[in-house]
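Chain A is already provided as a structure; the job is to place chain B with the ligands on it using the hints.
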Amino acid sequence: MISQILFIAITLAAIALFSFNLKKVIRNIKIGKAADRTDQPQKRLMTMIRVAFGQSKMVVRPIPAALHFVVYIGFVIINIEVLEIMIDGIFGTHRVFGGLGSLYNFLIGSFEILALGVWVGCAIFLIRRNILKLKRLNSPELKGWPKSDANYILITEILLMTAFLIMNAADAKLQALGAHHYITAGSFPVSQFLQNLLPASEGSLIAIERGCWWFHILGILAFLNYLPYSKHFHILFAFPNTYFSNLEPKGEFSNMQSVTNEVKAMLDPSFTPPEAEAGRFGAKDVNDLSWINLMNAYTCTECGRCTSVCPANITGKLLSPRKIMMDTRDRMEEVGKNIDKTGSGFDDGKSLIDNYITREEIWACTSCNACVQACPINIDPLAIITDLRRYAVMEESQAPSSINAMLGNIENNGAPWKYSPADRLNWAKEN
Amino acid sequence: MSEKLNIEVPTMAEMIARGEEPEILFWVGCAGSYDERAQKITRDICKILHHVGIKYAVLGTEESCTGDPAKRAGNEFLFQMQAMTNIEVLNGYNIKKIVTGCPHCFNTIKNEYPGLGGSYDVIHHTQLIQDLISEGKLKAEGGESFKGKKITYHDPCYLGRGNGVYEAPRKALEVLDAQLVEMKRCKSNGLCCGAGGAQMFKEPEKGNKDINIERIEEALETNPGIIAAGCPFCMTMLSDGVKMKEQNENVQVLDIAEITVRANGL
Ligand code: SF4
Ligand code: SF4
Numbered sequence: 000m001i002s003q004i005l006f007i008a009i010t011l012a013a014i015a016l017f018s019f020n021l022k023k024v025i026r027n028i029k030i031g032k033a034a035d036r037t038d039q040p041q042k043r044l045m046t047m048i049r050v051a052f053g054q055s056k057m058v059v060r061p062i063p064a065a066l067h068f069v070v071y072i073g074f075v076i077i078n079i080e081v082l083e084i085m086i087d088g089i090f091g092t093h094r095v096f097g098g099l100g101s102l103y104n105f106l107i108g109s110f111e112i113l114a115l116g117v118w119v120g121c122a123i124f125l126i127r128r129n130i131l132k133l134k135r136l137n138s139p140e141l142k143g144w145p146k147s148d149a150n151y152i153l154i155t156e157i158l159l160m161t162a163f164l165i166m167n168a169a170d171a172k173l174q175a176l177g178a179h180h181y182i183t184a185g186s187f188p189v190s191q192f193l194q195n196l197l198p199a200s201e202g203s204l205i206a207i208e209r210g211c212w213w214f215h216i217l218g219i220l221a222f223l224n225y226l227p228y229s230k231h232f233h234i235l236f237a238f239p240n241t242y243f244s245n246l247e248p249k250g251e252f253s254n255m256q257s258v259t260n261e262v263k264a265m266l267d268p269s270f271t272p273p274e275a276e277a278g279r280f281g282a283k284d285v286n287d288l289s290w291i292n293l294m295n296a297y298t299c300t301e302c303g304r305c306t307s308v309c310p311a312n313i314t315g316k317l318l319s320p321r322k323i324m325m326d327t328r329d330r331m332e333e334v335g336k337n338i339d340k341t342g343s344g345f346d347d348g349k350s351l352i353d354n355y356i357t358r359e360e361i362w363a364c365t366s367c368n369a370c371v372q373a374c375p376i377n378i379d380p381l382a383i384i385t386d387l388r389r390y391a392v393m394e395e396s397q398a399p400s401s402i403n404a405m406l407g408n409i410e411n412n413g414a415p416w417k418y419s420p421a422d423r424l425n426w427a428k429e430n
Numbered sequence: 000m001s002e003k004l005n006i007e008v009p010t011m012a013e014m015i016a017r018g019e020e021p022e023i024l025f026w027v028g029c030a031g032s033y034d035e036r037a038q039k040i041t042r043d044i045c046k047i048l049h050h051v052g053i054k055y056a057v058l059g060t061e062e063s064c065t066g067d068p069a070k071r072a073g074n075e076f077l078f079q080m081q082a083m084t085n086i087e088v089l090n091g092y093n094i095k096k097i098v099t100g101c102p103h104c105f106n107t108i109k110n111e112y113p114g115l116g117g118s119y120d121v122i123h124h125t126q127l128i129q130d131l132i133s134e135g136k137l138k139a140e141g142g143e144s145f146k147g148k149k150i151t152y153h154d155p156c157y158l159g160r161g162n163g164v165y166e167a168p169r170k171a172l173e174v175l176d177a178q179l180v181e182m183k184r185c186k187s188n189g190l191c192c193g194a195g196g197a198q199m200f201k202e203p204e205k206g207n208k209d210i211n212i213e214r215i216e217e218a219l220e221t222n223p224g225i226i227a228a229g230c231p232f233c234m235t236m237l238s239d240g241v242k243m244k245e246q247n248e249n250v251q252v253l254d255i256a257e258i259t260v261r262a263n264g265l
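Chains as they are written, first to last, in numbering that gives the first Met the number 0: chain A, 0 to 430; chain B, 0 to 265.
The shape of chain A in the complex, shown without the other chains (with noise of 0.2 Å):
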């Protein structure tokens, strides 16, 4: 009875603390500009079928695909046996669904095979990362946090697997031993092979089976409130972050409203533009961002796929397209955290251009979408590098100078290039 009681008061407590949690990232995400992305239902739907849950662009790299694959099913389908926890922890019932019977035995004979895939593939991830050092996993932007953060998870979802596997091993043994409250349920295909390993007497198995039950729900617990302070809120972000995905040709790039409102006053005198809000141009901070971009950046893993193929990266340049959204939301957060503390109106003096994202960075992307394209779960750091432009060009003027001299060809030529207009059909003529 305590034990339910304490198992009744824990669950809550935590799913209240993740609650907490989830309700201030929606709420940084929300500092963020308005943006509508409720168009066409169906194909949003389509799309995050397709990309989220049939992981459809992952196998563009096939081994880290496989093994991700192993981790993400692990994931999905553990949540059944999760249900069960919590079913057996709050009625203090043993092994539930063991009525089921051959679909029960079927259900945790999968569940093993899946927890052996899940340990192998989070041991060969973390090989990847840190022994066989990976290029893409060894950037210089995952020194520190990142990198420990991969590594934790990886380590945790080892540690969850095994607790899984030693329990029902012990349970495997104290139903043979026709203790007391173990019913004969399950089939044990991996762990029947962990069982010599442990003791014999009853009274011992009881207190490791207990105990591995209880690390592992506290575990999963404790993993789900990590989740709002890690990279791997990606599990829970992919979702709607692939749903509301651009779905436009890659190469659009939106046209500012505002800006048309003035064009057209300026055409057109007698057009009277529509009273709007004033606002900047271009992004300086992540409140000028959409909440597409913010939530880009809470669904980023850090794979670093698409720093990987991005040409600016690949030839030694500052430019890393996860750098771009891993300081956005870092940003975020430290906005996130001024509000908390001091009211939104507060002014740290800091924002996302310069003091995270320099202009050597921005400047050096080719807006060529290979980041775009190469993001599993439809990330566009692009977006946000135009916006930081659209901010130093049209509020502060300031582009690197051959920039200036091309728009201020545009402007009184109609070409980048310094050609007279009255020459534009020359090809024509000089044969």
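Because the hints were derived from the structure by calculation, they are not lab data. A few of these clues could be false.
To be verified - Pair by pair, the computed Cβ-Cβ distance ranges are: (1) A/Lys263 <-> B/Glu245: 44 to 54 Å; (2) A/Ile72 <-> B/Lys186: 27 to 37 Å; (3) A/Val58 <-> B/Gly224: 25 to 35 Å; (4) A/Asp353 <-> B/Gly18: 56 to 66 Å; (5) B/Glu181 <-> A/Ala122: 45 to 55 Å; (6) B/Lys183 <-> A/Ala122: 28 to 38 Å; (7) A/Glu359 <-> B/Glu216: 23 to 33 Å; (8) B/Lys244 <-> A/Asn129: 36 to 46 Å; (9) A/Val75 <-> B/Gly116: 39 to 49 Å; (10) A/Pro268 <-> B/Lys244: 26 to 36 Å; (11) B/Glu173 <-> A/Ile72: 39 to 49 Å; (12) B/Lys183 <-> A/Val75: 29 to 39 Å; (13) A/Pro268 <-> B/Glu245: 53 to 63 Å; (14) B/Lys244 <-> A/Phe74: 17 to 27 Å.
Here a beta-carbon is modelled for each residue, glycine too, at the ideal position from N, C-alpha and C.
Frame of chain A, contents of chain B with the ligands only:
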């Protein structure tokens, strides 16, 4: 086969004055108008249009920059000024269909002009060539033979990833009976030439090497006789790269339009 253009290029203004309407407007673009290398491609596109008897016209001095480099550089004001002025001209002539030799013009007019009041049926010249081949109007006969030659095609970002056009240019090369070799990074995984996003008009940021060199090294790995391009900016970057690698004796950089003109003996 000569580079000379022995045909009159009709402008919109002339056509309208004669009371005629073209089937298609040829949007030449700034590079196609002023860049010496790109001018050759422009003339070849005219030769193709003339050869197959499509009634076309150019805007001539009435054409102005689409605003693409301004938009990618972040100057939305200048972009929209350019766009709205161009749209006024295009709508004034009641233009319905546009072909262009530049993926940047193609992308901008096709995707970004509709929201500003200019909706047209826009195609890239490689798509036109693909259609003409399918219709049997271009045959890759009577001209230079490309049989057995090694050709590798570089995907322009704004044609490929930007708009999903991967097959049309390859189709134009397949009919040549040449040996088409793909680079390691091609199609949706293609590597930029380094000119897009207004990079064409500035010095690159410091790094280990320039992007066009990286790309050329990859192209040369396929041991090509010809590197095929479909964009005047890619043309500049790739030609510069080939020169830098001192390979211009062995490797030619040619636009799909130029290859088509040669193969058809136009
Ligand atoms: S769009 Fe910019 S950031 Fe993205 S891959 Fe291309 S150059 Fe890199
Ligand atoms: S933006 Fe996408 S591709 Fe880049 S690191 Fe984040 S998740 Fe990976």
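Hints and how they fare:
no., hint, result
1, A/Lys263 <-> B/Glu245: 44 to 54 Å, "holds, 52 Å"
2, A/Ile72 <-> B/Lys186: 27 to 37 Å, "holds, 29 Å"
3, A/Val58 <-> B/Gly224: 25 to 35 Å, "holds, 34 Å"
4, A/Asp353 <-> B/Gly18: 56 to 66 Å, "holds, 59 Å"
5, B/Glu181 <-> A/Ala122: 45 to 55 Å, "violated, 36 Å"
6, B/Lys183 <-> A/Ala122: 28 to 38 Å, "holds, 30 Å"
7, A/Glu359 <-> B/Glu216: 23 to 33 Å, "holds, 24 Å"
8, B/Lys244 <-> A/Asn129: 36 to 46 Å, "holds, 39 Å"
9, A/Val75 <-> B/Gly116: 39 to 49 Å, "holds, 48 Å"
10, A/Pro268 <-> B/Lys244: 26 to 36 Å, "violated, 55 Å"
11, B/Glu173 <-> A/Ile72: 39 to 49 Å, "holds, 41 Å"
12, B/Lys183 <-> A/Val75: 29 to 39 Å, "holds, 35 Å"
13, A/Pro268 <-> B/Glu245: 53 to 63 Å, "holds, 58 Å"
14, B/Lys244 <-> A/Phe74: 17 to 27 Å, "violated, 49 Å"
Against the hints set out earlier in the document, violations occur for numbers 5, 10 and 14.
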